[in-house]
Amino acid sequence: MDKFFYFINQTGFANIELSGLAMMAIGLFLLYLGIAKKYEPLLLVPISFGILLVNFPLSPMMAQPENGQPGGLLHYLYLGIELGIYPPLIFMGIGALTDFSPLISNPKTLLLGAAAQAGIFATFLAMLALGFTDLEAAAISIIGGADGPTAIYLSSQMAPHLLGAISVAAYSYMALVPMIQPPIMRLLTTKKERMIEMQELRETSKRERILFPIIVILVTGLFLPTALPLLGMLMLGNLFRECGVTDRLSKAAQNELNNIIVIFLGLTVGAKCSAHYFLTVETIQILIFGLVAFGIGTATGVLMGKLMCMATGGKVNPLIGAAGVSAVPMSARVCQTVGQEDNPSNFLLMFAMGPNVGGVIGSAVAAGIFLAVL
Amino acid sequence: MKGLEAISHYHGVSLAVLGVTVVFIALVVLAVIISRLHVVLGVWENPKAWLDRVRLWVFPEKPEKPEPPGPYFDDIHESARQLNLLIHAIGEPFSLPALIEKAEKIGISHAHSVVSHLIVSHLIVPDQKGYFYWNQKECDRLLGKGRGKKGVETING
Numbered sequence: 000m001d002k003f004f005y006f007i008n009q010t011g012f013a014n015i016e017l018s019g020l021a022m023m024a025i026g027l028f029l030l031y032l033g034i035a036k037k038y039e040p041l042l043l044v045p046i047s048f049g050i051l052l053v054n055f056p057l058s059p060m061m062a063q064p065e066n067g068q069p070g071g072l073l074h075y076l077y078l079g080i081e082l083g084i085y086p087p088l089i090f091m092g093i094g095a096l097t098d099f100s101p102l103i104s105n106p107k108t109l110l111l112g113a114a115a116q117a118g119i120f121a122t123f124l125a126m127l128a129l130g131f132t133d134l135e136a137a138a139i140s141i142i143g144g145a146d147g148p149t150a151i152y153l154s155s156q157m158a159p160h161l162l163g164a165i166s167v168a169a170y171s172y173m174a175l176v177p178m179i180q181p182p183i184m185r186l187l188t189t190k191k192e193r194m195i196e197m198q199e200l201r202e203t204s205k206r207e208r209i210l211f212p213i214i215v216i217l218v219t220g221l222f223l224p225t226a227l228p229l230l231g232m233l234m235l236g237n238l239f240r241e242c243g244v245t246d247r248l249s250k251a252a253q254n255e256l257n258n259i260i261v262i263f264l265g266l267t268v269g270a271k272c273s274a275h276y277f278l279t280v281e282t283i284q285i286l287i288f289g290l291v292a293f294g295i296g297t298a299t300g301v302l303m304g305k306l307m308c309m310a311t312g313g314k315v316n317p318l319i320g321a322a323g324v325s326a327v328p329m330s331a332r333v334c335q336t337v338g339q340e341d342n343p344s345n346f347l348l349m350f351a352m353g354p355n356v357g358g359v360i361g362s363a364v365a366a367g368i369f370l371a372v373l
Numbered sequence: 000m001k002g003l004e005a006i007s008h009y010h011g012v013s014l015a016v017l018g019v020t021v022v023f024i025a026l027v028v029l030a031v032i033i034s035r036l037h038v039v040l041g042v043w044e045n046p047k048a049w050l051d052r053v054r055l056w057v058f059p060e061k062p063e064k065p066e067p068p069g070p071y072f073d074d075i076h077e078s079a080r081q082l083n084l085l086i087h088a089i090g091e092p093f094s095l096p097a098l099i100e101k102a103e104k105i106g107i108s109h110a111h112s113v114v115s116h117l118i119v120s121h122l123i124v125p126d127q128k129g130y131f132y133w134n135q136k137e138c139d140r141l142l143g144k145g146r147g148k149k150g151v152e153t154i155n156g
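The listed protein sequences derive, respectively, from chains B and G.
Numbering follows numbering that gives the first Met the number 0, with no gaps: position 274 of the first sequence is 273.
Numbering follows numbering that gives the first Met the number 0, with no gaps: position 150 of the second sequence is 149.
Simulated from the structure, these hints should not be mistaken for laboratory data.
Here a beta-carbon is modelled for each residue, glycine too, at the ideal position from N, C-alpha and C.
Do not take every clue at face value.
Which chain G residues stay away from chain B? Per the calculated CB distances, all over 10 Å, these [what the hints assert, rightly or not]:
(1) Ile-24
(2) Ser-34
(3) His-37
(4) Leu-40
(5) Lys-47
(6) Val-53
(7) Trp-56
(8) His-87
(9) Ile-99
(10) Ile-105
(11) His-109
(12) His-111
(13) Gly-129
(14) Tyr-132
(15) Arg-140
(16) Leu-142
If we take Cβ atoms under 7 Å as the criterion, some of the chain B residues that face chain G in the derived model are [to be verified]:
(17) Ala-128
(18) Ile-209
(19) Glu-281
Start from the sequences, fold in the hints, and give me the full structure.
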């Protein structure tokens, strides 16, 4: 009988906590968003399942090793985040998937990517004012770069206790780009500006596409060595894609490796969303100011687009500035959609891809600055 | 610690300014290099063409004098003589387009201008029915005076 009662005490039912139940409900809600609404499903599904797994009462998933007993599965998988392994590997997959031709043929769009990172630094000040430490403020403000792996990488290095909230915020806002960006874009541009059709981009040669990742890494690596883990892997993946002699590696980086790392990353990010870390006032502040950072980044990108429009005599459509937030390719698609509302024959997608991928480089540089200085 | 005190304590403003500046400088440098990449590659792939362009830029070639066009009669006497023979060949009355076509075929350049010259000088006269006649009297009078100085008698006298 004692054994029976002992067993009952070891069940989840006997150890339910309200906070744990609340987190499980949040996990199920994010799972619904990922599956039914298709909001960034490749990440939200494993993240939400990780939240679920770790918030079960007496869950051993994140248990530390003790008394000679091994730790939980997610404890070991989490080492990939703690040691800064997963995000750079994801970046390698992103580089292998990304075509940088729109950026190479129109390199001034890199400035739009740079302008859109201003939201990061504005939010940094706001988070300091709210009472966060400099490391926490940097980790939270990088949400404004709209770059999931960068946000995870920086928060794992600077504020691992905020990793769960930051990751959930970053990926949720990336999924909500089609709702967040258009009102800001319409507010800051006139109908005439939105109707601007841009000149066709020139063709890029194979040599240019091969030299591009090498040049980027040489320049940024010398400027900012702390950005090397992210940018280095991004450019390596792109080199695999473009050089033409490493097709197998390119395919592996795009597919098998990327998918495996996404599974591990998502699960372990979700595992950091235990009730103890997630259900705090800080989480609400992170969710609110993450959105603010995102909005400011969109606004500054569009304003830089307006400046470039004036400087070029109306050749640049300011809408593509919004794509400087590096939510690839969603924000480029949003630029196309908003542009076509006023001018159905306006195809801005390829032009917006330039600042979009420029923003990926910009957000990695911004993260490198925080890592170097803080 | 919150508010401006916290920002000041963590040097937030200088960090933010530094961050924006470094991001911009890094991406501007990248943009400049990438924008010149295709030019550098063009030189690498075809150095001879680039050297030719540089040579032309350093030592610009003098523009060649254009070759003079076919016979063009500044002198109305010569115009009258040539067109007199042509009109006798094509017969009268003649249409101006036919005359101009024939004149161009035999190599008279600026045929329109020559014919216009002769109309103004009343050597070609309209018959009020869309065709034209050669004013032989006027031609004889003109050619009978002898040739003027070379290139002197033009439409503008």
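Taking the closest pair, is the beta carbon of His-37 (chain G) still more than 10 Å from chain B? Contrary to the label, His-37 (chain G) does not stay out of reach of chain B, its closest Cβ about 6 Å off (not over 10 Å).
Determine whether the non-interface label on Tyr-132 (chain G) survives the test: each CB of chain B must be over 10 Å from its CB. Given that every Cβ of chain B is farther than 10 Å from that of Tyr-132 (chain G), nearest at about 59 Å, it holds.
Non-interface label on His-111 (chain G), tested against every C-beta of chain B at 10 Å: Given that every Cβ of chain B is farther than 10 Å from that of His-111 (chain G), nearest at about 41 Å, it holds.
Does Leu-142 (chain G) sit more than 10 Å from chain B, CB to CB? holds, 63 Å
Close enough to count: is the Cβ of Ala-128 (chain B) nearer than 7 Å to one in chain G? Holds: closest Cβ of chain G sits about 5 Å from Ala-128 (chain B), inside 7 Å.
No chain B beta carbon within 10 Å of Lys-47 (chain G)'s: holds, 18 Å
Is it correct that the beta-carbon of Ile-105 (chain G) has no partner in chain B closer than or equal to 10 Å? holds, 50 Å
Examine each Cβ of chain B, and state whether all of them lie more than 10 Å from the Cβ of Ile-99 (chain G). holds, 44 Å
For Gly-129 (chain G), is the shortest beta carbon distance to chain B beyond 10 Å? At roughly 51 Å from the nearest Cβ of chain B, Gly-129 (chain G) sits farther out than 10 Å, so the non-interface label holds.
Mind verifying the non-interface call on Val-53 (chain G)? Its CB should be farther than 10 Å from each CB in chain B. Holds: least Cβ distance 22 Å, greater than 10 Å.
For Trp-56 (chain G), is the shortest beta carbon distance to chain B beyond 10 Å? Per Cβ check, Trp-56 (chain G) is outside 10 Å of chain B; nearest 23 Å; holds.
If you take the shortest Cβ to Cβ gap from Glu-281 (chain B) to chain G, is it below 7 Å? The hint is violated - Glu-281 (chain B) has no Cβ within 7 Å of chain G, the shortest such distance being about 13 Å.
Hint compliance for this structure: hints 1, 2, 3, 4, 18, 19 are not met, and every other hint is.
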